[in-house]
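**Student:** Letter by letter, the chains look like this.
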Amino acid sequence: MIFNIPFIIVVAMIFIGLYAVLFKRNLVKIVIGISIIESGVNLFLITLGYREGGVVPIFTNAPPDVVENVPGSMVLPVPQALTLTSIVIGVAVLALMLSLIMHIYKHYGTLDVRKIRRLKE
Amino acid sequence: MSTRNIVATVMLTVLVVFFVLTALMLSFGTPIKTQMDDYIITHTQNETGTNSAVTTIVFDYRGFDTLGEATILFAAVSGVLMIFRRIKK
Amino acid sequence: MSQMSKIVRTLSNITFPFIMIFGLYVIAHGHLTPGGGFQGGAVAASGCVMLIVAYGSTWVFEKIKVSKLSAFESLGALGFIGVAFFGLIFGGYFFNNFLVKTGILFNVVPETGFTGSEFNTAGVLPLMNFAVGVKVIAGIFAIVLVMAYASSIKERKQ
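Respectively, the protein sequence lines represent chains A, B and C.
Read left to right, the first sequence gives residues 1 to 121 (our numbering).
Read left to right, the second sequence gives residues 1001 to 1089 (our numbering).
Read left to right, the third sequence gives residues 2001 to 2158 (our numbering).
Hint data in this document are derived by calculation from the structure and do not stem from the laboratory.
Be a bit skeptical, because a hint or two may be false.
To be verified - Restricting the straight-line Cα-Cα distance to at most 20 Å, the calculated cross-link-like pairs of lysine to aspartate or glutamate (EDC-like) are:
{"id": "1", "chain 1": "B", "residue 1": "Lys1088", "chain 2": "C", "residue 2": "Glu2062"}
{"id": "2", "chain 1": "C", "residue 1": "Lys2101", "chain 2": "C", "residue 2": "Glu2118"}
{"id": "3", "chain 1": "A", "residue 1": "Lys24", "chain 2": "A", "residue 2": "Asp112"}
{"id": "4", "chain 1": "A", "residue 1": "Lys29", "chain 2": "A", "residue 2": "Glu52"}
{"id": "5", "chain 1": "B", "residue 1": "Lys1033", "chain 2": "A", "residue 2": "Glu52"}
{"id": "6", "chain 1": "A", "residue 1": "Lys29", "chain 2": "A", "residue 2": "Asp112"}
{"id": "7", "chain 1": "C", "residue 1": "Lys2101", "chain 2": "B", "residue 2": "Glu1047"}
Unchecked claim - Computed, partial: chain B to chain C, Cβ under 7 Å:
{"id": "8", "residue": "Asp1038"}
{"id": "9", "residue": "Tyr1039"}
{"id": "10", "residue": "His1043"}
{"id": "11", "residue": "Gln1045"}
{"id": "12", "residue": "Gly1049"}
{"id": "13", "residue": "Thr1050"}
{"id": "14", "residue": "Thr1055"}
{"id": "15", "residue": "Gly1063"}
{"id": "16", "residue": "Leu1073"}
{"id": "17", "residue": "Val1077"}
{"id": "18", "residue": "Leu1081"}
{"id": "19", "residue": "Phe1084"}
To be verified - Rough simulated footprint, nothing fancy, chain B against chain A, three-plus residues with beta-carbon under 8 Å:
{"id": "20", "stretch": "13-23"}
{"id": "21", "stretch": "52-58"}
{"id": "22", "stretch": "70-77"}
{"id": "23", "stretch": "82-90"}
{"id": "24", "stretch": "109-118"}
Positions of the beta carbon are idealized from the N, C-alpha and C atoms, including for glycine.
Produce the complete structure using the sequences and hints provided.
**Tutor:** Here's what the structure looks like:
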């Protein structure tokens, strides 16, 4: 059970993020919870493609003692390329959420979720 | 405690127990199927002429996903600029 | 936001060129070392955001118009799609790498195995890296500038 520590940490991060989304009343704390869930999912994608005793999949000035077993001593490169796209999508969604929160505060005067219910005119 | 808090606690506990049981069954360090990655690592320098496998995957083997990501960045920037627009009279 | 003190402004003037050169280095060597368009664009954009924090958002908003930053971002996106369309004309399919074996520049194929680094090796990749880098820098700079200016209107009204 000790050898699966990265997967246990992923479950802990998703649990903390879901607790912040479900049980908190401030809007900014809910947005922080969503960002923590996205970080946990990115960590899970990277730790799926790990090989025991592998190096970075780049051929420039690599260490010379892995030269005879080329595809067996390198870490899988495809999950790392998919994580890049996921990080950029997280940044774009976070920027839109924060600007909507600024607009809500200018209109209602408060950031409590239980008081922002009706269309106020 | 209200009804909503009790239902949320029960559902969160069930979900976390299910996740932990799945995480203890995975193997860390030995991936199961690696045929696509072995083909990409052995044929990167011949077909593409690049020294780095990750950049080739992002821009050459899977360039269509990068096109979708550039579209998402463009939509996010245009949405933020549209919210804070001032109409001058 | 208002301006910060003279010590902060002088130090940010000194460290700004170093950050921009490091960001452009990470963008340009995307096909040899870890990095690329998105990573180098984020590093260079954080150097530009440091200037917004040091000089105040009201002063920067009057010097740099947002419509010019929008034009820069559209230029980056059009460059990315234009390079992909050139692949359709010269080869047979979209996103074709038409500069690798037969071409004018960036057409040297490295030998297999672990080698050193040579700059004009990859085909279309450095051009795509520059286009995406310009797009990311202009986009993040515009987002932070507009959000910082909009949150300082309340201070000036009251």
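**Student:** Tell me whether the statement that chain B covers the stretch 70-77 of chain A is true, taking a Cβ distance below 8 Å and needing three residues at minimum.
**Tutor:** holds (count 5)
**Student:** Tell me if B/Leu1081 is really an interface residue toward chain C, meaning its C-beta lies closer than 7 Å to one of theirs.
**Tutor:** B/Leu1081 check passes; min Cβ-Cβ to chain C is 6 Å, inside 7 Å.
**Student:** At least three residues with a C-beta closer than 8 Å to a C-beta of chain B: is that true for the stretch 82-90 of chain A?
**Tutor:** As far as the stretch 82-90 of chain A goes, the hint holds, because 5 residues have Cβ atoms under 8 Å from chain B.
**Student:** Holds or violated: the hint that B/Tyr1039 contacts chain C, with Cβ atoms closer than 7 Å.
**Tutor:** Violated - the Cβ of B/Tyr1039 stays beyond 7 Å from chain C, reaching only about 15 Å at its closest.
**Student:** With 7 Å as the cut and Cβ atoms as the points, is B/Gly1049 at the interface with chain C?
**Tutor:** holds (4 Å)
**Student:** Taking 8 Å as the Cβ threshold, is the statement that the stretch 109-118 of chain A is covered by chain B upheld or broken by the three-residue rule?
**Tutor:** violated (count 0)
**Student:** For the restraint on B/Asp1038, tell me whether the closest CB of chain C is nearer than 7 Å.
**Tutor:** violated (15 Å)
**Student:** For a C-alpha distance cap of 20 Å, please report whether A/Lys24 and A/Asp112 respect it.
**Tutor:** holds (10 Å)
**Student:** Does the structure keep A/Lys29 and A/Asp112 at a Cα separation of 20 Å or less?
**Tutor:** Given pair A/Lys29, A/Asp112 holds - Cα atoms ~11 Å apart, limit 20 Å.
**Student:** Count the residues of the stretch 13-23 of chain A with a beta-carbon closer than 8 Å to any beta-carbon of chain B: does the count reach three?
**Tutor:** Coverage by chain B holds here, the residue count being 6 at a Cβ distance below 8 Å.
**Student:** Taking the least C-beta to C-beta distance, is B/His1043 closer than 7 Å to chain C?
**Tutor:** At about 10 Å, which exceeds the 7 Å cut-off, the nearest Cβ of chain C leaves the hint on B/His1043 violated.
**Student:** Starting from C/Lys2101, check that the Cα of B/Glu1047 is at most 20 Å away, please.
**Tutor:** holds (9 Å)
Hint compliance for this structure: hints 4, 8, 9, 10 and 24 are broken, all remaining hints hold.
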